[in-house]
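Trainee: Chains P and V are the protein sequences, given in the same order.
Counting along the first sequence from 1, when you hit position 204 you're at 204 in our numbering, and nothing is skipped either side.
Counting along the second sequence from 1, when you hit position 83 you're at 828 in our numbering, and nothing is skipped either side.
Since the hints were derived computationally from the structure, they do not count as laboratory data.
Even glycine gets a Cβ: it sits at the ideal position worked out from N, Cα and C.
Any given hint might turn out to be false.
Stated by the list, open to error - Capping the alpha-carbon separation at 25 Å, the derived lysine-lysine pairs in PhoX-like fashion look like this:
no., chain 1, residue 1, chain 2, residue 2
1, V, K845, P, K203
2, P, K207, V, K845
3, V, K847, P, K203
Stated by the list, open to error - Some, not all, of what chain P presents toward chain V, calculated at C-beta under 8 Å:
no., residue
4, G32
5, P186
6, S528
7, I629
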Amino acid sequence: MRSVTWSAGPGCHGGCGVLLDVGNGRLEGIEGDPEHPYNRGSLCPRALTMQEYTYHPDRLLHPLRRVGKRGEDRWERVSWDEVFDELERRMAAVKERHGPESMAFIQGTGRDVGAWLLMLAYSYGSPNWLQGGLTGNSCYHPRLGAMKVVQGDYAVPDCGQFLPGRYDDPDFRLPEVIVCWGYNPPATCTDGFYGNWIVDCMKRGTKVIVIDPYYTWTASRAEHWLQIRPGTDGALALGFLHVIIEEGLYDKEFVERWCSGFDKLRQRALEYPPSRVSEITWVPEEQIKAAARLFAAAKPASIQWGVPIDMCPEGFGVAMGVIDLWAITGNIEVPGGMAFAKPAFGVWPYPMDQESVRGFTGNVMDPEVFFEKRVGTKEYPITRNFHWRAHSDVLIDQIFSAEPYPIKAAWIAGNNFLVDGANPKRLLEAFNRLDLIVVVDLFMTPTAAALADFVLPAATFAEKEGVRAWWAPLNAINKAISVAECKPDSEICFELARRFNPSLPWKSMRDFWESLLKPAGVTFEELSREQFMWPDKADKSLPYHRYTKGELRADGNPGFNTPSGKVELYSSLMEQWGHDPLPVFVEPAMSPYSAPELAEEYPLILTTGGRTIAFFHSEHRQIRSLRQIHPYPEVMVHPGTAGPLGIQDGDWVWVENHLGRCKRKVSVTNLIHPRVVAASHGWWFPEKGADEWFGVWDANLNLLIPHNTQSSHGFGGGQYKALLCKLYKADGGIPGIIEKQDLHG
Amino acid sequence: MASQQYALLIDFEWCTGCYSCVIAGRNANQLDLSRACITIGSGLRQDGGRVALDFLPEPTSLCNLCGPRTRRGLDPACVHHCPPRVIRYGPRPELEELQKQKPNQSLWPI
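Start from the sequences and build out the full structure, keeping to the hints where you can.
Mentor: What follows is the structure, encoded as structure tokens:
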């Protein structure tokens, strides 16, 4: 059966075409679909271990109700009917006593959960739908916000993904240069972008510029590798702008005709000559100039970026600087440049902005309720003016303060914030105050084990029906199998949404799909049969040059979807909202320059969140085939740093700062700067058992990461990438975890 | 004898070390975790002024060139699933010719 991956299974946001081999109702194999333009037959190890994942003995198979104390790991099996009835009753009680806004609906990253949680939250009456535990909402949303205010739409590097013929399509042009900015293509496919598309381009001749604190495979094939000091990306963007503007390397015609605020941008960039930027970023001055010149001369060129941008102090403003780079060099909406990404046919299976939110709720909530009561709108106007989710840090504060209203319950779907959220012990304390916590997941996680009152078993992509259009083509997710009592999030949320809002305009999820697919002019059955469909090339959901054709603005005029119709290098919206309208650099709060006294005790810069293709965030640690690829939670240390500390490759060390410590296994490597240590995130140990919360604190770097570090306007600034720490040898490893040799048996 | 005439040609310049080939091969040949029909080594290579970090896929003695798949007209599992498409399957003389056309490729007659 043909389908497309999204969410549980490989875990990611990707949309790889797959052929699912089903026999006697069981998944017997998985192959990449060679006909599918997204992955053209290839698959990553996580998709290839789909069978191991689906039938893993630890998989949650039935709804569970807690019988012991919270966190004691004592549960009883309950039926879906019983659990729906009880949740309806208990959620209604919360609503009656404290108001519906006192229940928060929490998802993790952008998966096939968001829309259904939104539907449930709004049907229940709560505007508080969010990514919980992610301080500063620092994952893509600052970049999305910055793209919205500067250029009106979201852009992604064009690697032919919007064309059926891909690289061979006559309308495609190979990018001359792609900048990989805090992003390593082979390690991760972010935000609907398949990482290997960049490798495909490199093979065809695209040059890459890599901005990364460590020397990756991609860096080793790059024209320029800029070994940036973590957290200083804002200065580098301004340094590039300085070179490009002062040397006259920008696209003068595009800037004159389609941009506003250029002179003000120039004034800001003038503050950042390469010599100053070099001091800040530790990147040699000549390299800054050479990289800027190469990028500016390339026609076309693109930039693929990662969360390190969001996680800089004032991450929103840092993203504005990067956007300005592709804007003033004339790379917007040109083949091989930065394409505005829109869901195929205008079908939105995931809410990506405030306007699309209504499609999932049937206008059930008074706009005044979601604008006024959504957590964070008073503190951070962007939460009201641009964003469509509640603010993560403010929610936690509000759990403690109960002001302006109490938070009493939470629905947590596919979010393991005790492992991945900043300052997780505070998150534990906060959520322990709630009266009702429902966790929906595929495996018992530390977060579920510690906090849940109910645990509901979710389905993999192979066990559900759905629609994916992130971005093109439009895909049917075809249900191939069922596993025990596991249910897709869509079905779980729909059932309760229906109970709380009898006037929900859809009678079933199938009914919802039919209404969602209307802009494409197909039924679900038709799409399901085709598996994927392309809009006509002239459809305005596809690039290029739409700003010249009046296809971006509601008024149909040429230009961009900004107040002025121009690319606003000086953002009128940011000015109106009282924020800096120009790109910014702010020194990380925990650095040798900003906190020299702290740095005496903790002299090393710690950067976290290093990705590997074997795991998606905190998932897959129980999948032995994947664990074999990366058995241990590691920390990368330069030999010149390890030596004087008496630390050798393979030693277990404590990574510690004033906030906390955790254990890591040392990988001594000269791929990293001597003053920086780097570590992957998301570690817990399923083999340790739920009663121990799976060793949630053992290797948890988030213990060293503060909360409430969001930027002045609330977006960006989650301090995951630029911290201070020290290392010292530990007495031993982590007892009870799988050792490398166990994985070869 | 027939299998002697076929081979794998691996362009290790573009191998990203993702392990898809290892897992796909295990799936195809139903191998447990202790065994693999292809493994990935690593190495450093001087490439102009820079040092290239290389991953080096190497078929093992368990590689049978996915006979059951190729007889059905499919590519071997590693070839089919490799994201950067660095593994090529074909008649050995043809691959030997291709090997001459580009450096940093290794030929594996099986």
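Trainee: Against this structure, judge whether each hint is valid.
Mentor: How the hints compare with the structure:
no.	hint	in the structure
1	V/K845 x P/K203	holds, 17 Å
2	P/K207 x V/K845	holds, 24 Å
3	V/K847 x P/K203	holds, 12 Å
4	G32	holds, 6 Å
5	P186	holds, 3 Å
6	S528	violated, 24 Å
7	I629	holds, 5 Å
The structure fails hint 6 only (numbered hints given earlier).
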